[in-house]
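Chains E and V are the protein sequences, given in the same order. Mapping the first sequence onto this note's numbering, position 369 (from 1) lands on 438, and the numbers just tick up by one. Mapping the second sequence onto this note's numbering, position 9 (from 1) lands on 78, and the numbers just tick up by one.
Hints listed in this document are in silico derivations from the structure and should not be mistaken for laboratory results. No experiment lies behind these values; they were computed from the predicted model shown. Don't take each hint at face value.
FRET-style restraints, in silico, Cβ to Cβ [to be verified]:
1) V/Glu684 x E/Glu209: 19 to 29 Å
2) E/Arg227 x V/Val624: 55 to 65 Å
3) V/Glu703 x E/Gly101: 56 to 66 Å
4) E/Glu209 x V/Val624: 29 to 39 Å
5) E/Arg250 x V/Thr715: 33 to 43 Å
Ideal placement from N, C-alpha and C gives every residue a C-beta, glycine not left out.
Number of protein chains: 2
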Amino acid sequence: MSSDPLVIFTPSGKRGHFPAGTPILTAARQLGVDLDSVCGGRGICSKCQITPSFGAFPKHGVTVAEDALSAWNSVEQRYKDKRGLIDGRRLGCQATVQGDVVIDVPPESQVHRQVVRKAASARQIIMDPATHLYFVEVQEPDMHEPTGDLERLEAALRAQWGIDAITADLGILKRLQPTLRKGNWQLTVALHRSHRGGAHRVLEIWPGLTEDRIYGLAIDLGSTTIAAHLCDLRNGEVKASSGVMNPQIRFGEDLMSRVSYSMMNPGGDAEMTTAVRTAINGLTEAIATEAGIHPFQILETVFVCNPVMHHLLLGIDPVELGQAPFALATSNALALSARELDLTAMNETAQVYVLPCIAGHVGADAAAVALSEEPGKSEDMVLVVDVGTNAEILLGNKSRVLACSSPTGPAFEGAQISSGQRAAPGAIERIEIDPVSKEPRFRIIGSDLWSDEPGFDQAVATTGITGICGSGIIEAVAEMRMAGLLDASGLIGSPDLTGTARSIPEGRTFAYVIHDASAEGGPRITVTQGDIRAIQLAKSALYAGARLLMDEMGVDKVDRVVLAGAFGAHISSKHAMVLGMIPDVPLDRVTSAGNAAGTGARIALCNSAARAEIERTVREIVKVETAIEPKFQEHFVNANAIPHATESFPELAQIVTLPAVSFHAGGDKGENRRRRRRS
Amino acid sequence: MSSDPLVIFTPSGKRGHFPAGTPILTAARQLGVDLDSVCGGRGICSKCQITPSFGAFPKHGVTVAEDALSAWNSVEQRYKDKRGLIDGRRLGCQATVQGDVVIDVPPESQVHRQVVRKAASARQIIMDPATHLYFVEVQEPDMHEPTGDLERLEAALRAQWGIDAITADLGILKRLQPTLRKGNWQLTVALHRSHRGGAHRVLEIWPGLTEDRIYGLAIDLGSTTIAAHLCDLRNGEVKASSGVMNPQIRFGEDLMSRVSYSMMNPGGDAEMTTAVRTAINGLTEAIATEAGIHPFQILETVFVCNPVMHHLLLGIDPVELGQAPFALATSNALALSARELDLTAMNETAQVYVLPCIAGHVGADAAAVALSEEPGKSEDMVLVVDVGTNAEILLGNKSRVLACSSPTGPAFEGAQISSGQRAAPGAIERIEIDPVSKEPRFRIIGSDLWSDEPGFDQAVATTGITGICGSGIIEAVAEMRMAGLLDASGLIGSPDLTGTARSIPEGRTFAYVIHDASAEGGPRITVTQGDIRAIQLAKSALYAGARLLMDEMGVDKVDRVVLAGAFGAHISSKHAMVLGMIPDVPLDRVTSAGNAAGTGARIALCNSAARAEIERTVREIVKVETAIEPKFQEHFVNANAIPHATESFPELAQIVTLPAVSFHAGGDKGENRRRRRRS
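Taking the hints into account, I'd like the entire structure generated from these sequences.
What follows is the structure in structure tokens.
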């Protein structure tokens, strides 16, 4: 056994004997302890802060004397005077081992620290970004050993950080000489290394040791909205989140209309590409301003998106995606530079990673959901539904995962709904209808009060009550069904059949009035028969997709359901099941994953190894194409009823009893007959 | 021993036994015989043409029967009808082995054929370009196996050509889907593979099998002129050569004035970068037009240039190159895309290779000379001098190579010479002066006649006699020295001392009239005392550089001298030695390598392995910096005389006897005294 002092690190528990005088940072590196350092042990970056513990540690079998570390030194004092240092903390590169010691590495000194996601799920992100900062001292040029400044930087990185090879764009090369001289041959370098290997790429340089932090954007590029999270690439912290409408909406609300636009208009795809890239540039500027950073500090961007958005982002005509066999131009993950995508608002060297697509209808967004929700690691049979303009559906467990996409249309996002709007202050997001009085109460985004609670009018005075958002319309339809205002076929009853004046004629059918401010010149918010039909189409598509995967998997039921999507968090499980959006499962087995695609993007942004993982996983996922599967049509038709006709709902029945109303004048053809009668 | 038929290939001599029915192309591949094919044996590209021989071959020990190959088939007939096929030729992919056979592979069917350089030297270029064409059949998309078109192209290239991995820019991806469909899933792909390894990069795609050839540009980017060769990347043939003046001349004639311009004018370096890139774009268009090709067929470009031009091409401020320690921003070879350099006239995916720099004063042009002239492979001690605005000088043999650069200025190129002009029709390029009559005779570029030959006046009627080019001025000064019009110190004698009225007063000194058409309103072409001084400065710098390397090498003499440079081919060895440009060696040991830098560029263009070779060689060359070496100044001052004072010229003395004239009134200070006397 060594007579050298024993060094024990917590929380890792790693331990080893080191000669007296060994810096703690050196000991940590030799043991593989996760202790950060940007300056490489020069006492200037302060990233290697540690907390020594003293006294007896029976658990570890050591007693730590007060002089187990070298004395506080002038470097540490200077740092403390200049930047501050928590009492008890030492710099790991300055404090040296003198006797047995227990060293705690606080979370902020760990490079690969775990970031707990804010949402309900316990999914953690291990920080292992592709881009890191390195401080380096470069040898001055020597006429007798004439190598270039870049080559001497490479040599310094090799000697000081063990980095093998680097490459740099002309833009960096152009700035390298003045920056090195300004920093007196000291430089901070942001180096990016692909998970596929190869040389490290210099993304940015600063003279001396920089105070700047570096950031990445995780972008969920949806058909309707573009959402971005700005993450600190050191610790994964989300500094700002922001979103904009996808400006391509003016070329078509749903994906297929955009594909058609491209087919009908030469250069139409280029127009849409320019529109979306411009929007991303605006979003980048906005989010940088919100976070108070300079956009050049954004050095990485990860995109998740459906295949049509994927192609339009890349500048590829999506026309092949509009017709069988739905061939993607490329399905693999892509590593690009921001410059190639005209993403001019961020650093021009920023590296872009686009997740792989699973198939022509199942995109990088579905891959991101798979990365976030990991159905392939599940013990039980899990159905993951990402509800957006298209629904991405994954079904599986650790032995096999199936995927498909279902064209739900934008109804679930409040589009194509008469009083629909996107989720913004003023939109009705929750609704309850009293089954006896048929009177509604609701809540709007921006207020926690229900509409029948005192103070509601004042609370909503600034926003107004402007419309109904995606989760609101789902609740409204389900509540109407539970209150007997709607029959199983989706017909809204007349005032005489429903017994409420809120049921009003609307053309040849009826509508239900949730809120009427028309007397004061405000909006009248109703759910029309057309709205019901739109929701029925959307939920039938969703259910049919899930059902098709269950057929393929050979299962009749699933063990649990994960609802993902930007508004997944807001759908109540009960209402989703009343509507027949999802198969019958115990309500407590329906969970929300929030914006799982966005989370997948953040994981890929913060963890380089996750990129390799999803590229591997995607190859193993079995793709099911809904568009050509006759059973999809069959499931779709059968799923029209609310909840629907093909499945019994024993789990749901334990919670709600759906009224056995029928507003048909006579059976299936009732609606038609009534129309004839009225005309 | 195998009873299978024996197949013998000529000229390689490779042989092997193959089962009857084996296609000749297959046999060639298995034996590693260099037999071309673009279509991979589908009988459509005709690149695998071979010539079978019949009869007895005692040398090979075989007799070839008439039916040693399968019968002429319909594929061959169709090809012959459509495109023509030389009698006796077969397609190697169609003709199969039936008995012992001798197969000749004609030069045009060899991929790695050798191209003999046009110039005198026997240096050969082995064709091994980084970019090749491949014809490939891609699997159609399948909804049930949804991979992208790019991924299926990659799979096809792997299966059909053994190519491991490919990568493609967005511009190619954008065109991939329509191109595949237009070619009915057949595609020709231009693939580039770096000599450093990595994935093959798709540079261009064509539907089906293309008729297009692909080209590369070898560009010698000089301070004064930019010269380009357009080479067929299949066989190395130079399709066109062209040159333009470097437009940076307006920012300064020599390199240091351009560096000063950049230091004095913010953004000056960017101005010069734009100017040179624009000129290269113009040159690219001109050379493509001249060769009758489309510029998008240009897929590769190689640059050789001095360090200042190197930085200005790359968009890097050359300011550090203007002052010790002359630090390059980067010294390694660079692999870039044409897009990064704004080289918009060629294919946007074209790959650019810039040779490595040896030192801050010894650039990629010197590296190219080293690649072309291979001093490091020489058995004897060779001095290689590349004469341009700066002279690049290499000295060495197989054990060691030294390099330096010497600031000769542009006098050798006819610049800063009173009647000087660039080498173009109308310029005097050869001159002789009768030692008795002191009368000159000369030849101009564009005519083979001497000025005293019948028909000369008619021959030069269209061009006129416009000036004197670089090689002309060197010959003129040497001839003046041999004719006794000039003394060893470089003074031009007065008419009374020289006995010719062609010696005329010019200010306080004299000039020699070569040609006078001023009576007819034409030019008067003279060599002035200022011209002599400019040539003396240039040749002293050149000689001092060579001498410095000899000191470093510890040698007093060299075994041979290679004169390189755009005008190297035109300098006569005798005149160069009379002038004292080069050390004393037997005249037959002075050879011209023509534009060795340009040849080096062509080698790097046509042979990918040569890039690895020069990158390795450059690291082994010992750099000597003239600017800080006191001995350089000493050599420079001593080299002012013509030939010069520090060396005896026994080899030269065997050929010419230089007249022992002196035009000084009294020793060293004569010129000054005479000036005083006249004033």
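Hints, verified against the model:
For V/Glu684 paired with E/Glu209, a C-beta distance near 24 Å keeps the hint of 19 to 29 Å intact. A hinted range of 55 to 65 Å is violated for the C-beta pair E/Arg227 and V/Val624, which are about 37 Å apart. In this structure the supplied range 56 to 66 Å holds for V/Glu703 paired with E/Gly101, their Cβ-Cβ distance being about 60 Å. Judged by the Cβ atoms, the range 29 to 39 Å given for E/Glu209 and V/Val624 holds: they are separated by roughly 33 Å.
A hinted range of 33 to 43 Å for the beta carbons of E/Arg250 and V/Thr715 is consistent with their spacing of about 40 Å.
In summary, the one numbered hint that this structure violates is 2.
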